[in-house]
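**Student:** Spelled out from the first residue to the last, the chains are:
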Amino acid sequence: MRSSVMRLGNITMVGLRAIARNKMRSFLTALGIIIGVGCVIAVVAIGNGATKSVENTINSLGTNYIMLFPGASTSSGARMFTGNSTLTADDAEAIKTECPAVAYVSPTVRAAAQVVAGELNWGTSIQGVSEDYPLIRSWNVSQGTFFSDQDVKSASKVCVLGSTVVDNLFPNGEAVGQIVRIKNVPFKVLGVLDKKGGNMMGQDQDDTIIAPYTTVMKRLSGKTKIDMIQLSAVSAGQVQEAQNQIDGVLRQRHRIPPKGDADFQMRSQEEIAQASGQQTAILRLLLLVIAAISLLVGGIGIMNIMLVSVTERTREIGIRMAIGAKGRHVLLQFLFEAVTLAIVGGALGIAFGVGASLAVKHFLQWPIVVTTASVVLSFGVAAFVGIFFGFYPARKAARLDPIDALRYE
Amino acid sequence: MPQNVIEIHGLTKIYTMGEVEVRALAGLDLVVDSGEFLAVMGPSGSGKSTLMNILGCLDRPTAGSYLLDGVDVSKLDRDERAVIRNAKIGFVFQSFNLLARTSAVENVELPLIYGDLGWSRAERHQAAMHALDRVGLKGRENSHPSQLSGGQQQRVAIARALVTEPAMLLADEPTGNLDSRTSEEIMGIFQKLNDSGKTVVLITHEPDIAQHARRVVTVRDGIIQHDEKVEQHRVDLRGIPPPVAPVAAEATR
Ligand SMILES: Nc1ncnc2c1ncn2[C@@H]1O[C@H](COP(=O)(O)OP(=O)(O)OP(=O)(O)O)[C@@H](O)[C@H]1O
Ligand SMILES: [Mg+2]
Chain A
1 MRSSVMRLGN ITMVGLRAIA RNKMRSFLTA LGIIIGVGCV IAVVAIGNGA TKSVENTINS
61 LGTNYIMLFP GASTSSGARM FTGNSTLTAD DAEAIKTECP AVAYVSPTVR AAAQVVAGEL
121 NWGTSIQGVS EDYPLIRSWN VSQGTFFSDQ DVKSASKVCV LGSTVVDNLF PNGEAVGQIV
181 RIKNVPFKVL GVLDKKGGNM MGQDQDDTII APYTTVMKRL SGKTKIDMIQ LSAVSAGQVQ
241 EAQNQIDGVL RQRHRIPPKG DADFQMRSQE EIAQASGQQT AILRLLLLVI AAISLLVGGI
301 GIMNIMLVSV TERTREIGIR MAIGAKGRHV LLQFLFEAVT LAIVGGALGI AFGVGASLAV
361 KHFLQWPIVV TTASVVLSFG VAAFVGIFFG FYPARKAARL DPIDALRYE
Chain B
1 MPQNVIEIHG LTKIYTMGEV EVRALAGLDL VVDSGEFLAV MGPSGSGKST LMNILGCLDR
61 PTAGSYLLDG VDVSKLDRDE RAVIRNAKIG FVFQSFNLLA RTSAVENVEL PLIYGDLGWS
121 RAERHQAAMH ALDRVGLKGR ENSHPSQLSG GQQQRVAIAR ALVTEPAMLL ADEPTGNLDS
181 RTSEEIMGIF QKLNDSGKTV VLITHEPDIA QHARRVVTVR DGIIQHDEKV EQHRVDLRGI
241 PPPVAPVAAE ATR
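These protein sequence lines map, in sequence, to chains A and B. Residue 1 is where the first sequence starts when you use the numbering used here, and the numbers rise one by one after that. Residue 1 is where the second sequence starts when you use the numbering used here, and the numbers rise one by one after that.
Note that these hints are calculated values from the structure, not bench results. Just so it is clear, CB atoms sit at the ideal spot from N, CA and C, and this is done for glycine as well. One or more of the hints may lead you astray.
From the structure, some residues in chain B lie toward chain A, with a derived Cβ separation under 8 Å [what the hints assert, rightly or not]: (1) Asn53; (2) Leu58; (3) Arg78; (4) Asp79; (5) Ala82; (6) Val83; (7) Arg85; (8) Phe91; (9) Ile113.
Computed beta-carbon distance windows for the label pairs [stated by the list, open to error]: (10) A/Leu28 to B/Gln126: 37 to 45 Å; (11) A/Ala347 to B/Gly45: 53 to 61 Å; (12) A/Met24 to B/His226: 49 to 57 Å; (13) B/Arg101 to A/Asn304: 17 to 25 Å; (14) B/Glu19 to A/Met24: 40 to 48 Å; (15) A/Leu16 to B/Gln126: 19 to 27 Å; (16) B/Glu19 to A/Val308: 27 to 35 Å; (17) B/Val83 to A/Gly380: 32 to 40 Å; (18) A/Ala347 to B/Lys75: 45 to 53 Å; (19) A/Met24 to B/Gln126: 29 to 37 Å.
Pairs of lysine-lysine, DSS-like flavour, derived with a Cα cap of 27 Å [stated by the list, open to error]: (20) A/Lys188 to A/Lys225; (21) B/Lys75 to A/Lys326; (22) A/Lys52 to A/Lys195; (23) A/Lys157 to A/Lys96; (24) A/Lys223 to A/Lys96; (25) B/Lys192 to B/Lys88; (26) A/Lys196 to A/Lys361; (27) B/Lys88 to A/Lys326; (28) B/Lys75 to A/Lys396.
Chain A with its partners taken away, still in its complex shape:
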């Protein structure tokens, strides 16, 4: 027993020496696995990060959240939008007064503009909303105040800034009370919004300016229709009821019969999460396929080199057999070599993948989530690849006839 354990140790040493003797080739062989595992880890980390931040963003909408936007849905459920919005501020007003299950309503219009403050300027997106917006999104100001219903009614030239905009236009942080010029229209800064941080698919939610929708329509976009309406139900349990009530009110206002195609669509937070969950699942499946293929390629690389190595070392195998190596000693030697290459490659790949992920996180500010599961799994797969693809060449070596092997030139 003792001797067979010791012999195993000796034979693994033999395998290690062979790797050490051909350092460059061993490295190149392992490179397939290194890159495969590294990519799997990095891509999974980036994918996880993206998924996580999308989930965070969606969750931050709150369970009461409903989004209402123009455009008919086709029978397949795909959104159709012809470009002409069918929603008006009056629709929003009507929903607020006529739907008891709806708590807050905010028409939303968007515009993009260059914003100037003193010497500095910054291109960002402008969102026109109502005074209900902070309540719908649970997004409060950290400094100053949000604008009031009075500001909305009178289309005051006031705004609140996202923290990214403050960083760029007011590096010293003193934004409240200052004037910013958007398309040459002066807006008074009433407040600064809480930092949201979590960004959806690389979009910085804090890179925005929020102003009364009336002001944005009148002064900036010149549109008479609104882009969408954001609402919240009185409670999570009332979301379905609120959607039914909104549907009734809008069909009446837009003169659409109960069975006819609506010219608007609604999505609750739950529905948005589901849709994004499906996309995530597809993304994950794709990553898995890429991972499997890259590891397969790495494994074939190992098998290829091991086969070359067995052929090249036929004479060595013959010598070992002539002095008493059994088939299984030779099998173990080559198998061990392949598995070592795969495992060392896997370990280097993990280091490379984690390093690349951290670099991406640091330099591109992408959200990155390296999970232990992906590390453990890819390491396990690398070891398995070594055994699986190392076995055939090793068995080929073990089955050589000592005489033939010795005669091999």
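On the provided structure of chain A, position chain B with the ligands as indicated by the hints.
**Tutor:** For chain B with the ligands alone, kept in the frame of chain A given last:
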């Protein structure tokens, strides 16, 4: 008391290459006693190497029996033959067959790695060093084959064959790649080993070399044609490395 180490009856080896059958051994009989020094001669293609490979359990006969130490090894499977090769036989090749890029002492340790002795690393190393000492290579243990002369490489190969203390050494033209002076040195080593009790069987083409043996058999067309004792056994120890101190040899037993 002399005992049969090798006992062969009706040994036949037929190589089939497509349609053609080559009868390399044609029912050969041979008995070798313990402690004998036997030289095998014969023209090229007569079946000497084929015989030697079967004696060394590297190959199996097509027919016939081969008793090694009273055990019929012609029916053994691959693994069982590997054990015999490791424990009972030391094989020396014409082309040395050392592992490249591996030091002399590591080459000599190799059979011990595959053996059943259960020795520690230190014990294996010590045994290998002792074997190198016996063939006069003390001090060259860390040299790689590429750094050694042909004669020195063959000495390493002999040390490797010795290290498991087999009762029998087989050598297929061990001096075939060496000049005559070096050949004498190598034969001196074989003679010393034979004197210390090892059975030695070697193949050679050169009558000079064969004169070191005590018995010469001539193979022709796969059978033994002549079998004679050497009357004037050559004891020419010129150029032989310093003999092993018997004390040192005893110490490792
Ligand atoms: N693997 C093989 N396949 C087919 N024929 C073989 C094989 N090995 C040997 N032979 C044939 O068997 C016969 C005996 O060969 P062997 O190698 O035993 O001769 P030998 O006496 O050692 O010759 P030499 O003195 O040249 O080494 C030869 O005719 C040879 O061609
Ligand atoms: Mg021959």
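**Student:** Are the Cα positions of lysine 223 of chain A and lysine 96 of chain A separated by 27 Å at most?
**Tutor:** holds, 22 Å
**Student:** Could you see if the CB distance from leucine 16 of chain A to glutamine 126 of chain B stays within 19 to 27 Å?
**Tutor:** For glutamine 126 of chain B against leucine 16 of chain A, whose Cβ atoms are near 23 Å apart, the range 19 to 27 Å holds.
**Student:** Using Cβ atoms only, decide whether alanine 82 of chain B comes closer than 8 Å to chain A, and label the hint accordingly.
**Tutor:** holds, 4 Å
**Student:** Does the alpha-carbon distance linking lysine 157 of chain A and lysine 96 of chain A stay inside the 27 Å limit?
**Tutor:** It holds: about 24 Å lies between the C-alpha atoms, which stays within 27 Å.
**Student:** Are arginine 85 of chain B and chain A close enough, Cβ to Cβ, to be under 8 Å, as the hint says?
**Tutor:** holds, 5 Å
**Student:** Under 8 Å is the threshold here; is the Cβ of valine 83 of chain B close enough to any Cβ of chain A for the hint to stand?
**Tutor:** holds, 7 Å
**Student:** Are the Cα atoms of lysine 196 of chain A and lysine 361 of chain A separated by 27 Å or less?
**Tutor:** holds, 18 Å
**Student:** Against chain A, run the beta carbon of phenylalanine 91 of chain B and see if the smallest gap drops under 8 Å.
**Tutor:** holds, 6 Å
**Student:** Return holds or violated for the Cβ distance of alanine 347 of chain A and glycine 45 of chain B against the range 53 to 61 Å.
**Tutor:** holds, 55 Å
**Student:** Hint arginine 78 of chain B vs chain A: min CB-CB distance below 8 Å?
**Tutor:** holds, 6 Å
**Student:** Is it true that glutamate 19 of chain B and methionine 24 of chain A lie within 40 to 48 Å of each other by Cβ?
**Tutor:** Taking Cβ atoms as reference, glutamate 19 of chain B and methionine 24 of chain A lie about 47 Å apart, which means the hint holds.
**Student:** Taking 27 to 35 Å as the hint, is the beta-carbon distance of glutamate 19 of chain B and valine 308 of chain A inside that range?
**Tutor:** holds, 34 Å
Figure legend: structure checked against the earlier numbered hints; every hint is met.
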